[in-house]
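Peer 1: Below, each chain spelled out in residue letters.
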Amino acid sequence: MNTEVKIAGVTFKNPVMTASGTFGSGMEYSDFVDLNRLGAVVTKGVANVPWEGNPTPRVAEVYGGMLNAIGLQNPGIDVFIERDLAFLKKYDTNVIVNVCGKTVEDYLEVVERLSDTSVSMLEINVSCPNVKEGAIAFGQKVDSLYDITSQIKKKAKQPVIMKLSPNVTDITELAKAAEAAGADALSMINTITGMKIDIHRKKFVLANKTGGMSGPAVKPVAVRMVYQTVQAVKIPIIGMGGIGSAEDAIEFLLAGASAVAVGAMNFVNPYTTVEVVEGIEAYMKQYGIENVTELVGAVS
Amino acid sequence: MNTEVKIAGVTFKNPVMTASGTFGSGMEYSDFVDLNRLGAVVTKGVANVPWEGNPTPRVAEVYGGMLNAIGLQNPGIDVFIERDLAFLKKYDTNVIVNVCGKTVEDYLEVVERLSDTSVSMLEINVSCPNVKEGAIAFGQKVDSLYDITSQIKKKAKQPVIMKLSPNVTDITELAKAAEAAGADALSMINTITGMKIDIHRKKFVLANKTGGMSGPAVKPVAVRMVYQTVQAVKIPIIGMGGIGSAEDAIEFLLAGASAVAVGAMNFVNPYTTVEVVEGIEAYMKQYGIENVTELVGAVS
Amino acid sequence: MAQKKKVTATVISQKQIGEQIFDLWLETKLAKDAHPGQFVAVYPRGGSMLLPRPISICETDREKNRLRLVYRVAGKGTAEFSTCKAGDRLDILGVLGNGFPVDRAKGKHVFLMGGGIGIPPMLELAKAIGEKKQILLGYRNKDLFLEEDLAEYGDVYVATEDGSVGTKGNVMDIIKAYSLHADVIMACGPMPMLRAIKKYAAENGIEAYISLEERMACGVGACLGCVCRTTKVDAHSHVHNARICTEGPVFEAGEVEL
Amino acid sequence: MAQKKKVTATVISQKQIGEQIFDLWLETKLAKDAHPGQFVAVYPRGGSMLLPRPISICETDREKNRLRLVYRVAGKGTAEFSTCKAGDRLDILGVLGNGFPVDRAKGKHVFLMGGGIGIPPMLELAKAIGEKKQILLGYRNKDLFLEEDLAEYGDVYVATEDGSVGTKGNVMDIIKAYSLHADVIMACGPMPMLRAIKKYAAENGIEAYISLEERMACGVGACLGCVCRTTKVDAHSHVHNARICTEGPVFEAGEVEL
Ligand SMILES: Cc1cc2nc3c(=O)[nH]c(=O)nc-3n(C[C@H](O)[C@H](O)[C@H](O)COP(=O)(O)OP(=O)(O)OC[C@H]3O[C@@H](n4cnc5c(N)ncnc54)[C@H](O)[C@@H]3O)c2cc1C
Ligand SMILES: Cc1cc2nc3c(=O)[nH]c(=O)nc-3n(C[C@H](O)[C@H](O)[C@H](O)COP(=O)(O)OP(=O)(O)OC[C@H]3O[C@@H](n4cnc5c(N)ncnc54)[C@H](O)[C@@H]3O)c2cc1C
Ligand SMILES: Cc1cc2nc3c(=O)[nH]c(=O)nc-3n(C[C@H](O)[C@H](O)[C@H](O)COP(=O)(O)O)c2cc1C
Ligand SMILES: Cc1cc2nc3c(=O)[nH]c(=O)nc-3n(C[C@H](O)[C@H](O)[C@H](O)COP(=O)(O)O)c2cc1C
Ligand code: FES
Ligand code: FES
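Chains as they are written, first to last, in this note's numbering: chain A, 752 to 1051; chain B, 752 to 1051; chain C, 61 to 318; chain D, 61 to 318.
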């Protein structure tokens, strides 16, 4: 049985990754999960300089999921390389760094700083709904997405994953723009913008008013977008949105995702990632599937 | 205590309606609910001629909600007026007719046929994701939405509600176009396009592949869109998406909706609509609120 | 027809009577309104599953206000039901749909045909039909259920797919094997079986009533989720679709396309 | 620090000990690792609520592997917990956070100050601190809880907002009323109380440790949901934010902005 997948020339021992921002730098979950078991650890978004993020409350529970408005708090690329990358190097897994910025230059600076590190891929976050500048502004318009993608591709030494926002009319248009600009892969979906109001205090529950929704509640939207995008582009897709079990992960693979990531469900069950790896193996065994790649896009 | 609201000159005894397509023509739930207790009954979408709808399976359960791909099956405007409107006339409640079509002419024909009936308002469905022609095609582009809205406004004898799709990058752009074209009110949200795959059969669960997601899982997205749109337009908004309790309904009112509609949760609890009416009254009593309109947009 | 209601029923007893097959007795006033072939919809508890699961009425005890449901664990909802113990409470919606036309059996020679998890509704039906009747049951293997209950009300014939008990094959093979004849058929079971019955009934000029299944949301005719194709324009929908939850689940075989 | 785990605990007993206040004993191996001021996160059952609820450790019985949680019903999750009966199972994540620095009490005169639902963690803390200590408790009204348990470990002073028992007012009013003095304060309670303590400690040169609350998602430092503002750049985050679930929930009052 072979669970290996290849994305943009990078080999992953299995198609299960962590979703950016939900797994810290890996350290936080190493009490629960052997990081060597994962296809990749995708880190929290990192910028050229430290970011404070948004005021609290930053998280809220919603039916079947949660809202977050962390606002990309991060210690900046220097500390990240020195401390977090150093920690992750000890493990036999791919490291994918999620990159954020307020301006194109911010992104480029991070990309360049990472060029001589051992990270396997870069994931460019142009889809965070929780910061005013940058991020989602780049990810909702075809032109600006094309532009930032091609600029990053010029500098990047590692393959580039563009992380797409679901808060768009037609995600395939954005996907095609990223592909045309040279993106090596896509990841989707980032969070869907939502809001929660405390009816007794008549106040927004989040200090930021809106937050990004994730968790099982968004899975059908994510699966649909992955499926639609697979029909529209040739580059591989990393699927995420509500994955909490091997069944969920397999749904994304069948829809056409080459790999998957576990996000908010880590908070619900810190063992989720490894359970997904084991569950995919069990499913392959049950149905006599030799290569996990046979599942990719196999829905009909 | 006064629960009356006014929308485009029409008076509703309370702000609680049914969401189109989830309450049949009212008859189906009259075993459970006294229709006289409702602000309005909003009927299933009706076209100029009978529509067969999509093949089955047409519905699927998802985490905290459901997908539907009914495809606007309806008996056509003649039977609708003769049978369904005749039934609804017996009740002391407003009737809002949801109108669908494949071409602008289809819509106009239905609008004209309803002009000499007693219906209180028309709700124009330009946001159904489950039919290939018409519907959502009109609702995702500013130009076509403007166009269809102004053509309908020219013929309509009753106030016109444009029902907006959440499957867009910026719902306020669409809302502004509808307002500019003369819409009297907006309703939102219609369903969010989703997909479910049966991993054991490797098949789409719905015959239509995709379906519209609704239920509690979509509420945060709906509340956010209502809030954003209230900031962008002056016309009143009817809010819906996942409402299953008075608490949910009040969240929409606080976000700025002038009225609310109960959709998929009717299927979960057929008494929901009346329980929402009673729950809003209880909340008003608890907090000493005289007029339900005081709640509208009162979040801060 | 009795008014539909959503009520909270109390579990009287539950036992496993086959591989993944459970036998559940509920106490609820709905029992009084239930007719053979009708169904109730049972709500899962806990919030991630919202829609009620349609389950046919297997048997009623009107005096004690009891309803018997026999079901197979097919997914998460039924798996959850299978954990219920005496005293637990379950919300149910009912009574739904139109049952079998028991009257049509008057003075006729009747087959009741049940395949797999289509067998349960045959029990209440067998009790309701006074006529002499032959009860044809199809199972996968020797893991039979309800055949003893049914034997009290007619002559039971069993077929198993693997041939481990009775006739090898399905209910149609029983007809052949024993050269049985009927004027009226009432049946519930998997689609291939219903297709075979429809064909057999048409070819032999037999009146046949079959119970259909489809994914449901509302269960009460409002959502138009659960339709089947009809041969003629349906009186309610005005298209070639009838709602299984409302016009069905039992249809005259000739009325529907399978 | 002990390894964090998600485990299934068994409910030993639960009783209501005040208006909306519940006293829950769980059996779990986590009890062995628990220190005063640390917390566990309790998962609601059923699928609509997913995130675990942080609850402070009120008391441990290490020999019997038991953990005591005392909580107020504040919403849907805690309402659900309050229905648990002996034998039920609850998933919990723990042990989380850094507790009170018990060592800092050595040879010092200590106040333990608890307000409302901030009182529970004071019990395990009172047991852990050998020194003579004064325990200042603030309640809304005469509906007291845990004050008898606490009285075994120190001198208990009570304040109530409505004045129905003890000093009228809050824990700060007790200090005034009895002219009490301390070298070290350890406290948990509502934000206004913590602000008052921070100010009082700063003005009087007292070392103060306070336990903070914030909405949490992961509970283990991964999501950055639960931060508080710090006066200096935090060593982990490299900005003026510290994670309450990981660097806290207990902070030296001077380190944080309230
Ligand atoms: C009129 C009618 C009567 C029925 N009577 C019985 C009975 O007496 N005994 C019995 O064991 N089963 C019966 N079924 C089938 C039963 O409804 C399904 O097995 C059950 O809904 C599966 O639910 P689940 O949550 O376990 O499966 P899941 O697959 O997890 O369910 C997901 C969704 O699909 C729906 N669904 C799945 N399978 C079916 C199906 N076959 N038919 C309709 N909806 C389905 C569920 O209701 C739910 O909404 C009947 C179905 C219908 C329509
Ligand atoms: C470190 C820490 C220790 C705590 N110790 C105790 C204790 O010993 N006893 C006790 O009664 N309460 C304690 N709380 C508060 C307790 O966590 C909340 O009352 C509880 O989470 C409310 O959950 P709910 O589902 O009932 O309320 P809901 O309002 O329905 O919860 C919705 C969401 O908001 C979160 N939330 C709501 N209120 C709070 C809050 N005050 N703090 C953090 N998250 C909140 C919930 O965890 C949940 O994710 C503690 C909080 C923290 C952070
Ligand atoms: C608390 C939190 C923080 C997140 N931070 C980031 C981030 O820094 N960069 C990013 O690209 N996505 C971020 N995301 C989005 C996730 O990586 C993922 O795309 C999304 O949550 C959907 O997956 P899920 O439903 O499994 O959580 C964050 C999500 C959560 C819940
Ligand atoms: C089964 C079903 C059928 C629907 N049919 C229509 C329709 O005919 N016209 C329309 O405008 N919206 C239709 N809708 C959308 C609802 O009116 C509503 O906008 C949506 O479901 C969100 O509300 P909810 O989450 O409360 O269901 C339908 C929804 C469902 C679930
Ligand atoms: S299930 Fe809704 S119409 Fe039948
Ligand atoms: S709750 Fe996630 S960092 Fe504290």
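Incorrect hints may appear among the rest.
Unchecked claim - Which bits of chain B does chain C cover? Going by a derived footprint, with three or more residues having C-beta under 8 Å, they are:
no. : stretch
1   : 821-828
2   : 871-878
3   : 921-931
4   : 1017-1029
5   : 1036-1042
As the list claims (entries may be wrong) - Pairs of lysine-lysine, DSBU-like flavour, derived with a Cα cap of 35 Å:
no. : chain 1 : residue 1 : chain 2 : residue 2
6   : C       : K292      : B       : K954
7   : C       : K202      : B       : K853
8   : D       : K92       : A       : K953
If you are wondering where the hints come from, they were derived from the structure by calculation, not from laboratory data. Ideal Cβ placement from N, Cα and C applies to all residues, glycine included.
Peer 1: Hint by hint, note whether the structure agrees.
Peer 2: Evaluation of the provided hints:
| no. | hint | in the structure |
| --- | --- | --- |
| 1 | 821-828 | holds (count 4) |
| 2 | 871-878 | violated (count 0) |
| 3 | 921-931 | violated (count 0) |
| 4 | 1017-1029 | holds (count 6) |
| 5 | 1036-1042 | violated (count 0) |
| 6 | C:K292 <-> B:K954 | 30 Å, holds |
| 7 | C:K202 <-> B:K853 | 54 Å, violated |
| 8 | D:K92 <-> A:K953 | 42 Å, violated |
The earlier numbered hints that this structure contradicts are 2, 3, 5, 7 and 8.
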